[in-house]
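Engineer: Residues per chain are reported as follows:
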Amino acid sequence: MLSTQAYALLLGYTVGLALVLLIGIKCMQYVSKTARSLAKTYENTFRGFPLPRLQEGLPILIFLAANLFFLINGTLEGIVLRSGRLSAINLTLLSFGYHMSFLSYLSGLNMSHYRSIHYWGAGTMTSEVLAHTTAAVVQRTSTGSEVAMWAVCPSSLEKGSLLIDYRDSQAFRS
Amino acid sequence: VRIGQFSEVFALSHKILAAALIVAVWFHAGSRTPGSVPTVYLLVASCTWLITRILWLCGVLYQNLRFGMPRAKIERCGSTLKVSIPVAWQRGIRPGQNVRLCTPTLSWCSILQWPHFAIAGYEHNDRGITIDFLIRERSRFTTALTRISHHPLALVDGPYGAEIPLKRYGTILLFASGIGIAAQLLYVKRVQDDYDDRETSCRELTLIWESDERFNDRNLIEPEITKFEAHEVSRFSSLSNSQWVVLSVAELVLTSH
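Residue numbers (my numbering), protein chains in the order written: chain S, 1 to 174; chain G, 1 to 257.
By construction, these hints were calculated from the structure, which means they are not laboratory data. Just so you know, not all the hints are guaranteed correct.
[Stated by the list, open to error] Each computed SDA-like pair below joins lysine to any residue, with the alpha-carbon atoms no more than 20 Å apart: (1) Lys15/G to Glu56/S; (2) Lys15/G to Leu103/S; (3) Lys15/G to Ile89/S; (4) Lys15/G to His99/S; (5) Lys15/G to Leu9/S; (6) Lys15/G to Phe96/S; (7) Lys15/G to Leu81/S; (8) Lys15/G to Met100/S; (9) Lys15/G to Gly123/S.
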C-alpha cells in the first residue's frame with residue numbers, strides 16, 4: 001500500500017514538475033518573443049528614444065521608480081509642488097549632457113550609455129513637467145483660482161527643447 | 001537626407017531652448033533667493049554647464065595651441081580635399097574615431113561650427129601627431145573650405161568614438177562608398193600594424209570601394225589605399241543611375257616575414 005502511494009506521489013511530482021518546467025519554458029519563450037516584438041515596435045515608432053540595453057536598464061528602472069515614488073506619495077497639492085521640484089532636480093542631471101562626447105571621454109562611460117541616460121532623464125523630466133502643469137490646472141480650476149497663462153512658458157520650452165532633440169537625433173541617424 | 005544638413009542648427013536650438021528653460025523656470029519659481037528650492041537646482045544646473053564648457057575650452061586650447069597656432073594644409077583634387085592638421089596630442093588614435101574641426105577664420109560665424117569628420121590617417125612627429133582628413137565638398141562649411149587659398153587656422157576637438165575590434169577575424173571585408181572610404185583607411189592601417197606586431201588573426205583583407213566618376217577624386221584617394229604593403233588593386237566600371245561608378249577592390253594579403 002505504502003509503496004504504491006510512494007509511486008503515485010513520485011509519478012505525480014515528476015509529471016507535475018516536468019509540466020511546470022515545460023509550461024514555464026514555453027511561457028518564458030512567449031514573454032521573450034513578445035518583449036522582442038514590443039521592443040521592435042517601440043524602436044520603429046520612437047526612433048529618437050532608443051530602448052536601454054540590459055546594463056542600462058537597472059539604473060534607469062531605479063531612477064524611474066524613485067521619481068514615481070516621490071511624485072505620487074501625497075495629495076494633489078503635494079503633487080503640484082513635488083512634480084515641479086523633481087523636474088528641477090532632474091534638470092541638474094540633464095545639464096551633464098552639454099558636451100556629451102567630452103564628458104563621456106572624461107568619465108570613461110560608453111557614449112551610447114551616456115546618451116541613453118540623457119534621453120531617459122529628459123523623458124522623465126517631461127512627464128513630470130506635464131504632471132505639474134496638469135495637476136496645477138486641475139487644482140486651480142477646482143478651487144476657482146486663476147491659471148496664469150505665462151506659467152505655461154517653461155512647460156512649452158521644455159517640450160520644444162525635447163522635440164528639437166528628437167529631430168536632432170533623427171538627423172544624426174540619417 | 002536633407003535634415004542632416006541642419007544638424008548643427010538643431011543642436012544649437014536645443015542648447016538655446018535649454019538655456020531659455022532655466023531662465024523661464026527661474027521666473028516661474030516663487031522664491032528667487034539662491035538657497036531656496038528650486039532656485040538652488042537651477043544654480044547647480046547652470047554651474048555644471050559653465051564648468052563643462054570651461055573644461056572643454058581649456059582642453060581644446062591646450063591640445064591645439066601648446067606649440068603655437070595650428071595651420072591646416074589643404075590639398076585639393078576634384079571636389080575632395082585632403083586636410084592635414086598638426087596637433088599636440090599625447091593620446092593615441094584608434095580606427096573609427098572622429099574629431100570636431102573648427103576653422104575660426106573661415107567666416108564670421110565659423111567659430112560656432114564644429115562639424116565631425118572621420119580621421120583618415122595620422123603620422124607621429126616630434127611635436128605630436130599630424131592628422132589627415134578626406135573631406136568632400138557638400139555645402140556651407142565644406143564649400144567655404146574649398147575656396148581657401150592660404151593655410152587657415154584650424155582647431156580640433158577629440159578624438160571621439162569607439163573602435164570595432166577586428167583582431168580575432170581571419171578574413172576581413174571592408175566596404176566603402178564615396179568619401180566613406182576615409183573611415184575605413186585607419187582600419188586597414190590598424191590591421192597591417194597589428195599583423196606586423198603579431199597581434200591579429202587576420203591573414204586577408206579586402207577593401208571594396210565604390211567611387212563616382214563625377215567627383216574625380218581617385219587621384220587623391222587611391223594613393224592612400226595603395227600605400228599599404230602587399231596590395232593588389234583591381235577596378236571594375238559599371239553604369240549606375242546614369243553615372244559611371246568605379247568599383248576599386250584592394251586586396252591586402254598578409255604573408256609571414
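Engineer: Now tell me if each hint is right for this structure.
Structural biologist: Going down the list of hints, with the structure as the test:
no., hint, verdict
1, Lys15/G to Glu56/S, "violated (25 Å)"
2, Lys15/G to Leu103/S, "holds (16 Å)"
3, Lys15/G to Ile89/S, "holds (18 Å)"
4, Lys15/G to His99/S, "holds (10 Å)"
5, Lys15/G to Leu9/S, "violated (69 Å)"
6, Lys15/G to Phe96/S, "holds (12 Å)"
7, Lys15/G to Leu81/S, "violated (26 Å)"
8, Lys15/G to Met100/S, "holds (12 Å)"
9, Lys15/G to Gly123/S, "holds (17 Å)"
Of the numbered hints given earlier, the model fails hints 1, 5 and 7; all others are met.
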